[in-house]
Amino acid sequence: MTTTVAVRPLTITACGVVSPAGLGLDVLGGALRSGVEEHAAPVSGFEDVVDGYPPRPAWAVPDLRVAEHLGRKGLRHIDRFTLLGLIACKLALDEYGRPLTDAERAETGVVMATNTGSLVSMLEVGRDTLLQEKPYLVNPARFPNVVTNACTGQIAIRNSLTGVNVVMSGGQAAGLAAVRFARTTIGDGRSRRLLVGGIEELSEVAAWGWHKSGALRDDAAVGEGAAAFLVEDGETVAAEGRTGLAELLGCEVGYYGARDAEGRLDGLRSGIERALDRSGLSPGEVDVVAVGATGQLGVEEIEERALQEVLGRPVPTVRVAETLGELYSASVPLQIAAVLALWRAEPADHARVALVTSIGGDGNAGCLVVRECR
Amino acid sequence: MSEHRRVVITGLGAVSSIGIGVENFIEGIREGRSGASKIASFDAGNFPYTTAGEVHDFQPETILERIDVERWGRSSLFSAAAARLAVQDAKLDPELLSASRAGSIMGTTAGEAQVLQAAVEQWVTDGLNEVDGRLAAMTPVSQIANSVNHELRLTGDAQTIPTACSASNMALGYAYDLVRTGEADFMLAGGADAVNRACHAGFYRLGALAEDLSRPFDLNRSGILTGEGGAVLLLEPLDHAVARGATIYAEVLGYGVNCDARHMVNPDAPSIAECIRIAHRYAGVKPEQIDYICAHGTGTPTNDYTEVSAVREVFGERIPPISSIKSMIGHTMGAASAFGAIVCGKALQDGFLPPTANLDKLDPALGEGLDVVPGKARTATPNIVQNQGLAFGGNNVVTIFGRVA
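From first to last, the protein sequence lines are chains A and B.
The first sequence begins at 1 in the UniProt record's numbering and counts up by one.
The second sequence begins at 1 in the UniProt record's numbering and counts up by one.
Be aware that a few hints might be false.
[What the hints assert, rightly or not] Sample of chain A residues at the chain B side, in silico, Cβ under 10 Å:
1. 115
2. 116
3. 128
4. 132
5. 135
6. 167
7. 168
8. 174
9. 212
[To be verified] No farther apart than 16 Å at their CA atoms in a straight line, the calculated lysine to aspartate or glutamate pairs in the EDC-like style are these:
10. A:212 <-> B:126
11. A:134 <-> B:43
12. A:212 <-> B:130
13. A:212 <-> B:132
[Stated by the list, open to error] Derived list of chain A stretches under chain B, where covered just means 3 residues or more per stretch with a C-beta under 8 Å from a C-beta of chain B:
14. 249 to 258
15. 353 to 364
If you are wondering where the hints come from, they were derived from the structure by calculation, not from laboratory data.
Just so it is clear, the structure is predicted and the values come from calculations on it, not from any experiment.
Glycine residues also receive a C-beta, built at the ideal position from the N, C-alpha and C atoms.
The whole structure should be built from the sequences, with the hints applied where relevant.
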């Protein structure tokens, strides 16, 4: 019944990035080209916890000067996860060039990718129910942080954004789901613009989770970060004589977790082909690929093979996880940011095309096509 | 904008504290049966309140055909089971379904909180290095939708929307969009959550927990009863449903979504009213056409006053009958709106108004002319109904369903 139809482009008109390389696209571009000079040590998410981090690299966002970006008010009970998201959104809104009017804020929404919310906040409540004198003596001021949409709620509150407010969880590929959701929502006129992105918070628990799961190569680092893109309807942006950083074109994602490795390869390959097809582009027009499964046992090879089979030639490849560590829910957003950062650092004479691919151990896999704005 | 397809609900799957399978569930709803019982899923001994709406007779292996129950948490098992039941109810060939562009969008509040709590217990007892590594892959909230795709061998979107207590209305809305615009041919949409220690503790600490029963709209209400379960609806294009002679429960007419952007936990009446207006606009209906409202109706005074006030703002003098099924199954969190949608679908098809159970004395402070359908279901012929979900974070989502003539 379904037909494959061309997608209506979304344009990224501003972006905010928080990563182990620091804040913004420029430091990210530098780090991708020459590495991060010295990675910041991770902070401890929990009081009085002696377990520490597992024996593998853990890379944190350095020097998070919260007050400088968010002021000092109303942050006492906000967790690090939400701070990362708030700062990324603040940077994106600042980059927009002018403050949004009240009317524009009412037409602006938030779509963030996360598969966990703040594990630190959730586990803090879980521990309190076991360790406090009474099991219900959890911190009432911090309890609302346990909901997975606490961050998007805070982004809305602190920026007065009353549009569609949603969280998308699709494993490693969650960021692709966020882009798909954004297209539907903007296409249906439900919001004029959306802050689209994803967040990952480093903690002892997240690092041990990766470490004990056996999903990562022994030398693979665990990272953290957030990226937020202010996204609008592409044709509207063009009609108003504005431009942006890049267009988000075809975006396909599917679940292949019930299949074997060959079946997952087929799934990802067909997703890449469909995404290109719906972008009106051919494999030969791809300039760069940003892969997402770097360091992940079992799926890294599937991703590389699917790309090889579709593209049939070597294409410059960005492996974000090598520079920033494993970013899970924030992986796709930081892959997009990495492409933008490299394009900004090295201008070209034509509008370049990137593939952002993702495949996770859970079986979610897909692809987004990004085209540079000229 | 291109031509869009009409989308209908052709399958309903429920795993609830008052019945498993849509017929058992609806029988309980119509009778006003209570699903409250002593908590069994965790040791509630040191809690002042020890009642919740748990599903005690859930045996996932009797419903699920593909999923290995050892590898998924309780919420995922709820969602996969409810999805399997919905497909059976729709009498849709599972092979056709898995060969189609089909997937699932599922709402949740706490995701696999029981899995997380098990990890916390191992951590507290033995240290992080001793936590069972298999729990890591079972913990992400994304497993809730993954389990549906896994059980039904679906290769389309498997997206979980963890936007707290309106999450499954958002999931329904988005799944409807995907079918309507042709991105998918079939979608399973709904929600799942499991009763858990952290949630019980938190709501008690916020002073929002009921001691024994949920009593929405009652003068003596004391708060929410935490509940659990899975609720899933199958969405299909109208033309396809008609062509295969499917039972059509209802048409999804549209939905509204917005965000208060004011406070994390306190709802905001003007914003909820605006959300209802948005839903009406997208559904192409007027307030006077709404025959019934399935309220968010958590059973807290704050929710009652705010929600009724918002409804008055939109409907004026004539408020449609409005009831809360949470009076029976408790607050099933991320599944709550999907249970509401199932009840709406059956109300349209069978011709009844779902009741508010446990109503002793209607709170006079809620004002005149309020019909909460007390006690048991009432025979009626609703044509268009509205299903409300409100959430932490100020996320409001309202879905509108209509009878297909």
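Hints violated by the structure (listed by number, smallest first): Of the numbered hints, all hold.
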